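Position chain G relative to chain B; hints supplied.
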Amino acid sequence: MSDHNEDYKGYRTPTLGLLQKEAAPVWSQVVLHTTGGDFTGLILPRSETADADHIVLKLDTGYNIGVRWDTVQSITVNGRKEANYQIPEKAFPFDPKKPRVKLFGTGGTIASRLDYRTGAVIPAFSPGELYGSVPELADICNMETEKLYGVFSENMGPEEWMGTARAVAAEIEKGVAGIVVGHGTDTMHHTAAALSFMLQDSPVPIVMVGSQRSSDRPSSDAAINLINATRTAATSDIAEVMVCMFGPTSDEYGLLHRGTRVRKMHSSYRSTFRTLSDIPLGKIDENGVAPFRQDYNPRRDDNQLKLNAVFDDRVSLVYYYPNMKPDVIDSLVDNGYQGIVIAGTGLGHVNKPLYPALDRARKAGVHVYMTVQTLWGYVQMYVYETGRELMGKGVVPAANMLPEVAYVKLGWALGQSHDPEVVQKIMLTAVNGETTDREPYNGYLVLQGGIPEVEEFISAHRR
Amino acid sequence: MDTRYAIADPWLLQPLPLFGSLTPADYDHLGFMCGLEVHQQLLTQRKLFCRCPAGQYNKDHHDAEILRHMRPTLSEMGEYDGTALMEFKTRKNITYLLDRKTVCTYEMDDAPPFEIDDEALDRAIGVSMLLDLNIVGEVHITRKQYLDGSIPTGFQRTAIIGTDGDIPFGDRMIHIRALSIEEDSCREVSDRGHERVYRTDRLGMPLIETVTDPDMKTPDEAMEVGQIIRRLARASGLVRTGSGAGRQDVNVSVTGGTRIEIKGVASLRAVPRLTHNEALRQRSLVGIKAELARRGITAENIDGTGHDVTSIVNSTACKFIRKAVDKGATVMAIALPGFQGLLQAPTQPRTTFLKEFSDRVRVIACIDDLPNLVVSTEDVPTLSSGEWDRVGKTCGVDHDVPVILVWGREQDAQTAINEIVIRAREATQGVPEETRQALDDGTNGFERVLPGADRMYPDTDLPPIRLEDDRVATIRASLGLRPWEREVHLREMGVGADLAERMSRHRAWDLFETLAGDLTDKTFISAHQLASLLLDRSCPRPASRLAAEPWWRETLAAVQAGSVLPEGVWHAEDELPAKMSETEARAAFEAAVASVPADKPVGERQCEDFIMGHIMPALRGKVAGRLVRSWIRKDAK
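Going line by line, the protein sequences match chains B and G.
Using this note's numbering, read the first sequence as starting at 27 and increasing by one per residue.
Using this note's numbering, read the second sequence as starting at 639 and increasing by one per residue.
The following block holds chain B by itself, in its conformation from the complex (with noise of 0.2 Å):
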């Protein structure tokens, strides 16, 4: 019998042997009795990357434990019990007065129903679904939705960038008041960069969401990032590619931010987006959208956009460190790689044993370009001696344009032209604020804690 039998879902030899000698599958209401004496419970799957030794049961208070293998003696089973996985739906309410807002997923789960029995988290995704579990969408639009993808964020890339800008591309030419993309939030900035490039001049708010607390747990910030990202797509007087997430830890409003501005600046924390070098578009709460600025891209009324979905993947992003050996660029150049970011030192440094590597790069037609591994701040080539050699050996500075954000822009560029010439056009033409021509005082706010004032600050806010 296969060790991936589903009667005994999860369970490998020695256990598999042992629940079949038994007849026990999952599911099985059973008494284990071991030599530490007798377990009684439900038999559950065992995950796949557990160990092979032990049988999960459910105790009837709820709680799982696991008992090995070769510690059992015998098992009494008593009946059978298992888990369904039915969601129920409800059918998300029509109101023709209200705006209507398509909703494209991409793997990310923003809303989920928690099975209790087995602790699996099922993504809610459908506009019934969605409604079940965050009706409060139903006061702010009519909902659609659609799958374009199911893959954790990591696994987004220039095919799912690309497709998904069509997607959203066909969606605001039928016409619609404002789309949110659900998307898991480790390279949400990667894929805002995209789409901001590949679409520019739309007429309404293309709004990227997530969540940093699983929205299985009642602590989550899914249901509210969802409810302010929906709220933005439908009302929002800006309509540009945003990020919509959790301004502090705290319950309080989300924040809008330029999709060629934002990082993701924490593992774990709810507010871990942020606005680098500039501020955020504005912050959007149950009051509506407050925007902080007023150079946005507003919403139009027409049902017009520039889509241009191209991608040349044969580009890196190389973080320079101190002792970093000439072969780490020769082995991109080598490999047929067509565009480098550099992401060096302060002002846009690297060391001088890479400049051989450099050279032959230029020579091998490779387009080049600087950015800081500060985050903040601009490339500025002209201050050292180092900086000028680099830029000799046709390094390109590209300003204050964020390290993943050159690196997106510049796979683009590439898959529009591979001249030089046309490829610096691009990538030194701002399409919506990726280089500014100015950095804001406020557009680098690192409070340090420790600080008195800071403290103070702390104290008086929630954040």
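These aren't lab readings, by the way, just hints derived from the structure by calculation.
From a predicted model like this one, the values you see are computed outputs, not experimental measurements.
Some hints here could point you the wrong way.
Said to hold, decoys possible - Some chain G residues flagged as far from chain B (calculated, every beta-carbon gap over 12 Å):
1) Thr-661
2) Val-827
3) Glu-862
4) Gly-875
5) Gly-894
6) Arg-907
7) His-945
8) Arg-1063
9) Thr-1066
10) Glu-1071
11) Glu-1125
12) Ser-1170
13) Arg-1191
14) Ala-1236
15) Gly-1263
Said to hold, decoys possible - Stretch by stretch, here's where chain B covers chain G in the computed footprint (C-beta under 8 Å, at least three residues):
16) 744-751
17) 773-780
18) 796-805
19) 1098-1111
The C-beta atom is built at its ideal place from N, Cα and C for all residues, glycine as well.
This is chain G only, laid out in the frame that chain B set:
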């Protein structure tokens, strides 16, 4: 009154039996059953799922606040867990106070858990072994939903360590269902209206929860079993002691009632009165259910319609209602036909059935200025009779039908009406499943609807923890005897009954056990004397526990060698008094006797004691009292 509404059950008409007035037979007649969930903090350096220091509390300081809300998640049946739904109705703003010394991003729910603290896990396994539980092969971290906000994630991480054990209690055994390890919750600072505030320093502290079967037959037994469980863990040195380190949930039911959980009882001494009062409450609710059934009232025929009567009472002379109306409150009324005479039925001391409604309104509708409702048939002045008549007419009922009035923000007042209807319908079913809070006067109040097993689900952030055989064996080998086993052992060594009982649960046990190992038949000190020395607070000893063992070893070695008398240990000041040789002792005795006054009392025994009293201060600890007395006797002859 209409004779249809005469109450038949005398229980509902008479004062309730006082605490202390019932016999075990009376409790048996009521069908009293009680089980315990004993919570004890484990003694560890760090919290359970992060590296914050354990056991540091500061109730006066915080550095920052965050605001959160709890949102229920749906089960696969598409229904909210009962508690979940209730908490969502309350729509609380939950503020957490953060002290940077005791809280990190984990407690804030802004970071995933770190791996479980091994020290805590080992200690929990140790206590499980002392309770004779079957230890699991693999520990699965489970999430238990709490939507009251007491844990910022909305769930408590908890895991079963062992199941099914027994501990001796008198001549029978009490069954222990399971022991789990879990993270402690926040401490509530305040809860007013829609605002609840928690302090987070206690959050994440490692706890064990020991759950018994409902094997306790009287309120006193509940306390006594609790003491045994608490002492077992405390005597092992594996848990924290002191105020706040332990608390229990107490489950009570009576015949016809249901399992009611009274949460967070800090002192075991409060348990008997609380459980007695809860038994009375359930008995009353069972009586009310029967009375409603007799009157033909069912859940279905209770009309759930509330009526806005603000305009009727907006100039009432009833001060608190007038004040609320002036502030913009909506006043709503609901009639409860068929409840005639029942709202005043006693449920607990100084408490009537009406409080069941008031509690729900307070907790769920967040209307917490008391009184938060009035009833037309109450024997206290509220509305004028004219106003009550108009309210009654609005509700379409005669004046003998009880009408309840609530007031508050419009939405809250409507929630209050809904809750009153829900509670009235539950009355036809008997005792609703709730968790209740212990009040200082020994009664209890509604806390929330009892959550079910439905709120448990596996934690996806942490993998199961395999308990390797050698780890389990090492822990088992490190455990000593349980208190009841120690007691038997002490008695076998010749320690007297009272002393053995005390020593069995005293922290000096470890020291006793170590020192007693050195005693032989030939030593000059008995196990009884040793136990007595160790437990006698008047006996001098080093203040620090670390210094105690070498000091006692040295002391006992001197006693065993015969150079110090056992009673000399009591009289040690800077150093132990050396035992005198017989020659020295006799000389000192004679010198002392010379100074005894001549006018001795009459009577052989009195005279002996008189001389002893005079000469012993000089000889105490250096010469055995027995020897001195024998010399006095010999000299007298």
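Results for each hint:
Residue placement check: G/Thr-661 keeps its beta carbon more than 12 Å from all beta carbons of chain B (closest about 34 Å). The non-interface label for G/Val-827 is consistent with chain B: the shortest C-beta to C-beta separation is roughly 15 Å, beyond 12 Å. For G/Glu-862, the requirement that its beta carbon stay farther than 12 Å from each beta carbon of chain B is met, with the minimum near 25 Å. Residue placement check: G/Gly-875 keeps its beta carbon more than 12 Å from all beta carbons of chain B (closest about 24 Å).
With a minimum CB-CB distance of about 23 Å to chain B, G/Gly-894 clears the 12 Å threshold, and the non-interface call stands. The Cβ of G/Arg-907 sits about 28 Å from the closest Cβ of chain B, beyond the 12 Å cut-off, so the non-interface label holds. Once the 12 Å rule is applied to beta carbons, G/His-945 is consistent with being away from chain B; the minimum gap is 28 Å. Residue placement check: G/Arg-1063 keeps its beta carbon more than 12 Å from all beta carbons of chain B (closest about 25 Å).
Non-interface call for G/Thr-1066 relative to chain B: holds, since the shortest CB-CB distance, roughly 28 Å, exceeds 12 Å. Non-interface status of G/Glu-1071 relative to chain B is upheld: no Cβ of that chain comes within 12 Å, the nearest being about 15 Å off. A cut-off of 12 Å between C-beta atoms confirms that G/Glu-1125 is not in contact with chain B; the least separation is 25 Å. Against chain B, the non-interface label of G/Ser-1170 holds: every CB pair exceeds 12 Å, the least being about 40 Å.
The claim that G/Arg-1191 is not at the interface with chain B holds, since no C-beta of that chain comes within 12 Å of its own (minimum 38 Å). Non-interface call for G/Ala-1236 relative to chain B: holds, since the shortest CB-CB distance, roughly 77 Å, exceeds 12 Å. Interface exclusion of G/Gly-1263 from chain B stands, the closest Cβ pair being 55 Å apart, more than 12 Å. Under the rule that three or more residues need a Cβ within less than 8 Å of chain B, the assignment of the stretch 744-751 of chain G holds, with 5 such residues.
Remark: the stretch 773-780 of chain G is confirmed as covered by chain B, as 7 of its residues place a Cβ nearer than 8 Å to a Cβ of that chain, reaching the required three. Note: the stretch 796-805 of chain G has 5 residues with beta-carbon separation from chain B under 8 Å; the three-residue rule is met and the coverage holds. Coverage of the stretch 1098-1111 of chain G by chain B holds in this model, with 4 residues showing a Cβ closer than 8 Å to a Cβ of that chain against a need of three.
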